[in-house]
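K.L.:
Start from chain L and add chain W according to the hints.
Residue numbers (full-length UniProt numbering), protein chains in the order written: chain L, 1 to 89; chain W, 1 to 502.
Note that these hints are calculated values from the structure, not bench results. We put the beta carbon where it would ideally sit given N, CA and C, even for glycine. Be aware that a few hints might be false.
[Claimed, not checked] Simulated crosslink set (EDC-like; lysine to aspartate or glutamate; CA at most 20 Å straight-line):
(1) W:Lys-426 <-> W:Glu-443
(2) W:Lys-9 <-> L:Asp-79
(3) W:Lys-66 <-> L:Asp-59
(4) W:Lys-5 <-> L:Asp-59
(5) W:Lys-5 <-> L:Asp-79
[Said to hold, decoys possible] Heads up, incomplete: computed chain W residues facing chain L, CB under 7 Å, no partners named:
(6) Phe-52
(7) Asn-202
(8) Ala-213
(9) Cys-221
(10) Ala-303
(11) Lys-306
(12) Asp-307
(13) Pro-373
The residues making up each chain are set out below.
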Amino acid sequence: MSKVYLALQDNDDSRYIVEAIVDDNPTATVINQPAMIRIENDGQLVVRRASVEEKIGRDWDMQELHLSLITLGGNVDEDEDQLSLNWNT
Amino acid sequence: MVAKKLNLKEKYRALTRDLDWDYDYADRKKAFPYEEFEGIKITDWSKWEDPFRLTMDSYWKYQAEKEKKLYAIFDAFSQNNGHLNVTDARYVNAIKLFLTGVSPLEYQAFQGYAHVGRQFGGAGARVACQMQSIDELRHVQTQIHAMSHYNKFFDGFQDWTHMHDRVWYLSVPKSFFDDARSAGPFEFLVAISFSFEYVLTNLLFVPFMSGAAHNGDMATCTFGFSAQSDEARHMTLGLEIIKFLLEQHEDNVPIVQKWIDKWFWRGTRLLALVGMMMDYMLPNKVMSWKEAWEVYFEDAGGALFKDLARYGIRMPKFVETTAKEKEHISHQAWWIFYTHGHAAGFHTWIPSAEEMDWLSEKYPDTFDKYYRPRWELAKEMEDRGERFYTNGLPQLCTTCQIPMGFTEMDNPTQISYRSSDFEGEKYHFCSDGCKHIFDEEPEKYVQSWLPVHQIYQGNCGGADVETVLREYYKMNLGEDNMDFKGSPDEKRWNEWKGKGVA
Chain L
1 MSKVYLALQD NDDSRYIVEA IVDDNPTATV INQPAMIRIE NDGQLVVRRA
51 SVEEKIGRDW DMQELHLSLI TLGGNVDEDE DQLSLNWNT
Chain W
1 MVAKKLNLKE KYRALTRDLD WDYDYADRKK AFPYEEFEGI KITDWSKWED
51 PFRLTMDSYW KYQAEKEKKL YAIFDAFSQN NGHLNVTDAR YVNAIKLFLT
101 GVSPLEYQAF QGYAHVGRQF GGAGARVACQ MQSIDELRHV QTQIHAMSHY
151 NKFFDGFQDW THMHDRVWYL SVPKSFFDDA RSAGPFEFLV AISFSFEYVL
201 TNLLFVPFMS GAAHNGDMAT CTFGFSAQSD EARHMTLGLE IIKFLLEQHE
251 DNVPIVQKWI DKWFWRGTRL LALVGMMMDY MLPNKVMSWK EAWEVYFEDA
301 GGALFKDLAR YGIRMPKFVE TTAKEKEHIS HQAWWIFYTH GHAAGFHTWI
351 PSAEEMDWLS EKYPDTFDKY YRPRWELAKE MEDRGERFYT NGLPQLCTTC
401 QIPMGFTEMD NPTQISYRSS DFEGEKYHFC SDGCKHIFDE EPEKYVQSWL
451 PVHQIYQGNC GGADVETVLR EYYKMNLGED NMDFKGSPDE KRWNEWKGKG
501 VA
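Only chain L is shown next, with the shape it has when bound in the complex (with noise of 0.2 Å):
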């Protein structure tokens, strides 16, 4: 199956969105690179809202994900609670 990817800057809103959607996504792959951090996972990945808020103890709107995304492979699907990646093979 084909992998799916997001890179998200290594920042301290980066670190609580990476843990939500390591609980959201168990088998995703975590890599840490100079500044920045991938997560891929077979077929699709979820980055939810709701979760991301539990970790970060605040408020989160969705889209503030921008802030911190560098780069992503896969079909996108985004609303107010979630975004989520995938391919279709």
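P.N.:
Frame of chain L, contents of chain W only:
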């Protein structure tokens, strides 16, 4: 009773549908004159979806926040003399190449999206192009600001827009964008949004920027990642455009495939410059060009093309050549610059013994066999006081405009030459990919402004190379060009670092 707030999807719909209007007294075809000539058929613009559904209010809000964070870092970098914290002054030459070669492309992208954004009948596409156009303008501005700090301390940063329009190797990136911008609006989107942004720019902005951080350059790393945060949106747009075009009409499939083939190859040639930046110009290495190509093209791009197979789209033509080129291209490109280092606006050098060992480890099948002996010979010559510079001007590929120094990939000791005849003239190419692109549109490429031809035709201000470099390119000779060893950059660096002259 308070009206219910619109949710994200409703807000986006209101922006991209309800603000549009129909043409009742004017001719719609006259309003969008470029929409049909490329042969692309759009049956229903309302099917256009932007998965990020960004509206103008949140766009400005988040972009403003990105800018504040970015400029705080620029200030800190400059106030703390950040240039002294880079690994080695050689590193700064990668930034010179970035400013003269890449930043002007951001400006070209700004102009390109502003232009095509006007040409589409669908409001969703117009909004997306408008935002991307503003993003690209932000990128060129932040890059200039970030690198202006280096201009206070290093040579080669002083006249980058002038150089971009004239210097021989900068015609490689310039002509790439000129080619895209002089195409129709749909080809521009496939070229830049899809082939360049989605398939290839990760290779420029992700491992290279991570490399900047690894070399102590916080300013570059930050502008790179900040730009790339917009890029994630652009990539998504690139993928949506492709899917939109393919879903609109089956007749679009072969046209889109042809553009993917063309722009993938154009992009890989342009990225040869990034390959040499990663393998040779970063003193602290993050990953080799080959590894970056495997992660960001072969894995990520492979997944993408598998996903697109259901529309009848296949991998780009000549992709099998790139699988071989990843072993060679960065070494061959740096050799071209090393041997033409007197005519470059940045410094070149022989990799150190440790760097050569790293290259051997990363390129076990090719470096020791083909490239190490070459650098060892260059070193012997340098030690004898005969640092090698070539005297001739190189023949350029008519399509990518890179000097013809790349080899046959199955025989890396044989330079690759291809040619085509058109209307009684012969045109030369570095590869099957570049020849194929020319053969598809010879009327376009016979107009290429090839720097070496222009010099020989007397259009570049002088009869000899030195005059061209000084008068026409406005290079400060003896400061901007030649080997890093013995350069004013090296001398100043050693003084700042309290080192004696090596």
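K.L.:
For each hint, tell me whether it holds in the structure or not.
P.N.:
Checked hints:
1. W:Lys-426 <-> W:Glu-443: holds (13 Å)
2. W:Lys-9 <-> L:Asp-79: With a Cα-Cα distance of about 7 Å, the restraint between Lys-9 (chain W) and Asp-79 (chain L) holds, given a limit of 20 Å.
3. W:Lys-66 <-> L:Asp-59: holds (19 Å)
4. W:Lys-5 <-> L:Asp-59: holds (17 Å)
5. W:Lys-5 <-> L:Asp-79: Holds, at about 15 Å.
6. Phe-52: holds (6 Å)
7. Asn-202: Since chain L brings a Cβ to about 5 Å from Asn-202 (chain W), closer than 7 Å, the hint holds.
8. Ala-213: Hint on Ala-213 (chain W): holds, closest Cβ of chain L at ~4 Å, below 7 Å.
9. Cys-221: Because about 5 Å separates Cys-221 (chain W) from the closest Cβ in chain L, which is inside the 7 Å limit, the hint holds.
10. Ala-303: Check passed: Cβ of Ala-303 (chain W) comes within 3 Å of chain L, closer than 7 Å.
11. Lys-306: holds (5 Å)
12. Asp-307: At 5 Å from the nearest chain L Cβ, Asp-307 (chain W) passes the 7 Å test, so the hint holds.
13. Pro-373: violated (32 Å)
In this structure, only the earlier hint numbered 13 is contradicted, and the remaining ones agree with it.
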